[in-house]
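Here the protein sequences line up with chains A and B, keeping their order.
Residue numbering for the first sequence follows the numbering used here, starting at 1 and increasing by one per position.
Residue numbering for the second sequence follows the numbering used here, starting at 1 and increasing by one per position.
These aren't lab readings, by the way, just hints derived from the structure by calculation.
Beta carbons are placed, not taken as given, at the ideal position from N, Cα and C, and that holds for glycine.
Check before you lean on any hint, since a few could be wrong.
Not the full set, but computed from the structure, chain A residues with beta-carbon under 7 angstroms of chain B [to be verified]: (1) Arg34; (2) Arg95; (3) Leu97; (4) Arg103; (5) Arg105; (6) Val106; (7) Pro112; (8) Leu114; (9) Ala118; (10) Gly119; (11) Glu123; (12) Asn141.
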Amino acid sequence: MNSLTVSESPQVVNGGSDREKAAILIEDVSVRFRLSSLKTSSVKEFAINLFKRGVAYRDFWALKDISLEIRKGEIFGLIGHNGAGKSTLLKTVARVLKPTTGRIRVNGKIAPMLSVGAGFHPELTGRENVYLNGTILGFSNRQMETKFERIVDFAELHNYIDQPLRTYSSGMRARLGFAVATDTKPDVLIIDEVLSVGDEAFRDKSAQRMRAYQEQGATTVIVSHNMNMIREICHRAGWIHQGRLRMLGEAPEVIEAYLEERRSIQKPKGA
Amino acid sequence: MTTVYDTAQLRPPALEELFETFRYRHLIVQFVRRDIITRYKRSFLGIAWSMLNPLGTMIVMTIVFSSVFSRGDSAAYPVFLLSGLLAWNFFSNSVNLIMNNMVWGSNLLTRIYVPRSAFAVASLGTGFVHLGLEVIPLVVVMLFVRVPIRWTMLFLPVPSILIMFFTLGLGLILSVIAIYFADIREMFSVILRAWLYLTPIIYPEEMLSGSRFAWLLQINPLTHLIELFRIPILEGRIPTMAEMLPGIIIALATLIFGWVFFARQADEFAYRI
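Given the sequences, and given the hints that come with them, work out the whole structure.
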């Protein structure tokens, strides 16, 4: 059994005020998806189902009773198998998914990197897309005007900015999306393994920018299968297993336990 | 000033959605821009299509129907028809756009937070811009067939907004249904066609008075709303309060019901993907 499974902080006792200071507070969060025969359905199928056996849903709990506090300025890693619920957890923090039960509280402005270039339109020019994407991220038109030059500078797209986006390569799109999303320092950065943006030079540049934000105190949550990276940059890590928080602690310990289990599962196969 | 997102302190869904939609008003403006720009960007006549399209329909229908449907005053028929068509197009195009934008939007909604109703509100903005443009050919036709242009046309924004409220309410309801049944859009396009013929647009309302279908026109919300749109153009007066009341009640009731229903169901968009 793992003694680290429960939050190790002794401050929990003196409670409230400290909890309110957490950058991200996740409290008994569960998310239920409804999978049903209705999903790809038509009215006809629905009528048939209704007639035959009532409408049946299959509930699937993608997350179950997750409690977690992420401190201000912390770099927090989330690890786990595919489909364990890591991305779902990120989505609840990014406000994309509302938890079915439980509470999420995020202090400050979020830059969700789940969404690099989300909402780009191919027929619009790069310039028009910068404005569209900026307002999707919640900025006003006037704010975007002051940001515009910096964004184009960072994306290195001066010569193409008035061309329609459909003429851009995928690398150019990613650069533009990243530049818009990270132009101003967010309070909370949410990264779902999208660090591989553009060519190598730009990848370095974007990694550098994120590191700079972290050093300036941006709280960061990263989902990755790259254990070396998590071990290197994260202070703490959480291991999500089948929708539950299996373990929480210092990054190296959590990674060690996770890898240990993977080895023990693989061994019998090999033997 | 830090923004705080806290699920424990959200307002009731309908209010929360309203506040957030206002907060994201810049996004709505950008969506409208995008809809208009992308629609015309690669076409030769560009924005002129928006004016030529109803004009073409009007000319064809006038040739076919003017002798059948006009009420003695055949000069006014093209204006009668065109004014009805403008209001109808505003309604039907906007409902379709709302559903299309919600489908497009659901892709975005799985990756980033934006208030879900922003897509619907933006669709109406787009429809409203087109309606404004379409008034230009209407005025040209009025000059051409010598129907006097009166100052009461300045009243047109009021019935337009009522149609907008009704459309938004209906569009939101249909969007929620579309979460569960993808084929509601095909079904609705059939309904829309029938609805067009059950609304006095190509024929005057009196034509069916006394018929056993007259009640259908009476329970049709668009009969009332489109009438309010036509009175300032054709009769050169502002509708009386008694004429306005059914339209106002229908529009507001549909809007409020649709908004609340949508806001309470909106989370399902993310759960059922």
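Hints, one by one, checked against the model:
1. Satisfaction of the interface hint for Arg34(A) is found here, the shortest Cβ-Cβ separation to chain B being roughly 6 angstroms, below the 7 angstroms cut-off.
2. Annotation: interface hint on Arg95(A) holds; nearest CB of chain B at approximately 4 angstroms, less than 7 angstroms.
3. Below 7 angstroms, beta-carbon pairs count as interface contacts, and Leu97(A) has one with chain B at about 5 angstroms; its hint therefore holds.
4. Hint status for Arg103(A): holds, given a least beta-carbon distance of 5 angstroms to chain B, under 7 angstroms.
5. The interface hint given for Arg105(A) holds, since its Cβ lies 4 angstroms from the closest Cβ of chain B, which is under the 7 angstroms cut-off.
6. For Val106(A), the interface hint holds, since its Cβ comes within 7 angstroms of a Cβ in chain B; the closest pair sits about 5 angstroms apart.
7. Given hint, Pro112(A) at the interface with chain B, holds; its Cβ is 6 angstroms from that chain's nearest Cβ, closer than 7 angstroms.
8. Taking 7 angstroms as the C-beta contact cut-off toward chain B, the hint placing Leu114(A) at the interface holds, the least distance being around 5 angstroms.
9. For Ala118(A), the interface hint holds, the least distance from its beta-carbon to any beta-carbon of chain B being 4 angstroms, beneath 7 angstroms.
10. The beta carbon of Gly119(A) comes within 5 angstroms of a beta carbon in chain B, closer than 7 angstroms, and the hint placing it at the interface holds.
11. This hint holds: Glu123(A) has a C-beta 4 angstroms from the nearest C-beta of chain B, less than the 7 angstroms allowed.
12. Hint status for Asn141(A): holds, given a least beta-carbon distance of 5 angstroms to chain B, under 7 angstroms.
Violated hints are absent here; each numbered hint is respected by the structure.
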